[in-house]
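A.B. asks: Sequence:
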Amino acid sequence: MTRRTTPLPPNWSTIRQRILTRDQHRCTWITRDGTRCTQPATDVDHIIDAHLGGPDTADNPASLCRYHHNHKTSRAARA
Numbered sequence: 010m011t012r013r014t015t016p017l018p019p020n021w022s023t024i025r026q027r028i029l030t031r032d033q034h035r036c037t038w039i040t041r042d043g044t045r046c047t048q049p050a051t052d053v054d055h056i057i058d059a060h061l062g063g064p065d066t067a068d069n070p071a072s073l074c075r076y077h078h079n080h081k082t083s084r085a086a087r088a
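Following the working numbering, the numbering of the sequence shown begins with 10 at its first residue and continues without gaps.
Some clues are possibly wrong.
Capping the alpha-carbon separation at 25 Å, the derived lysine to aspartate or glutamate pairs in DMTMM-like fashion look like this [unchecked claim]: (1) K81 with D68; (2) K81 with D58; (3) K81 with D54; (4) K81 with D32; (5) K81 with D42; (6) K81 with D52; (7) K81 with D65.
Using C-beta positions, here's what the derived DEER-type ranges look like [what the hints assert, rightly or not]: (8) Q48 with Q26: 15 to 23 Å; (9) R45 with R84: 13 to 21 Å; (10) A86 with I39: 31 to 39 Å; (11) T40 with A88: 34 to 42 Å; (12) T23 with R87: 30 to 38 Å; (13) D42 with P19: 38 to 46 Å; (14) R41 with W21: 25 to 33 Å; (15) I57 with Q26: 15 to 23 Å; (16) W21 with P49: 15 to 23 Å; (17) I56 with P16: 15 to 23 Å; (18) N20 with R87: 16 to 24 Å; (19) A67 with D42: 24 to 32 Å.
Derived by calculation from the structure, the hints in this document are not laboratory data. Source: prediction; values computed, not measured. Glycine included, C-beta positions come from ideal geometry on N, C-alpha and C.
Model the full structure from these sequences, guided by the hints.
C.D. replies: Now the structure itself:
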């Protein structure tokens with residue numbers, strides 16, 4: 010698992026709630042067959058990681074279920 014190298018913005022809880030609401034509290038991960046994951050979203054994660062310059066603007070964070078968040082984080086750690 011990677012460790013956060015940049016601090017979350019002070020208003021992260023507001024951003025997080027806005028993203029979850031926008032994504033209808035559903036995971037946005039697209040599976041290999043092209044369908045969207047059907048699990049509830051529990052996490053909000055940067056599409057482009059913050060340490061790689063990904064912004065905290067509304068178009069970069071996405072809602073993910075815990076499984077897909079862990080999967081994405083593990084994949085990034087191996088890269």
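A.B. asks: Please go over all the hints and tell whether each is borne out by the structure.
C.D. replies: These are the hints, each one checked on the structure:
no. : hint                     : in the structure
1   : K81 with D68             : holds, 18 Å
2   : K81 with D58             : holds, 10 Å
3   : K81 with D54             : holds, 9 Å
4   : K81 with D32             : holds, 18 Å
5   : K81 with D42             : holds, 17 Å
6   : K81 with D52             : holds, 12 Å
7   : K81 with D65             : holds, 18 Å
8   : Q48 with Q26: 15 to 23 Å : holds, 19 Å
9   : R45 with R84: 13 to 21 Å : holds, 19 Å
10  : A86 with I39: 31 to 39 Å : violated, 21 Å
11  : T40 with A88: 34 to 42 Å : violated, 20 Å
12  : T23 with R87: 30 to 38 Å : holds, 32 Å
13  : D42 with P19: 38 to 46 Å : holds, 40 Å
14  : R41 with W21: 25 to 33 Å : holds, 31 Å
15  : I57 with Q26: 15 to 23 Å : holds, 21 Å
16  : W21 with P49: 15 to 23 Å : holds, 20 Å
17  : I56 with P16: 15 to 23 Å : holds, 19 Å
18  : N20 with R87: 16 to 24 Å : violated, 31 Å
19  : A67 with D42: 24 to 32 Å : holds, 28 Å
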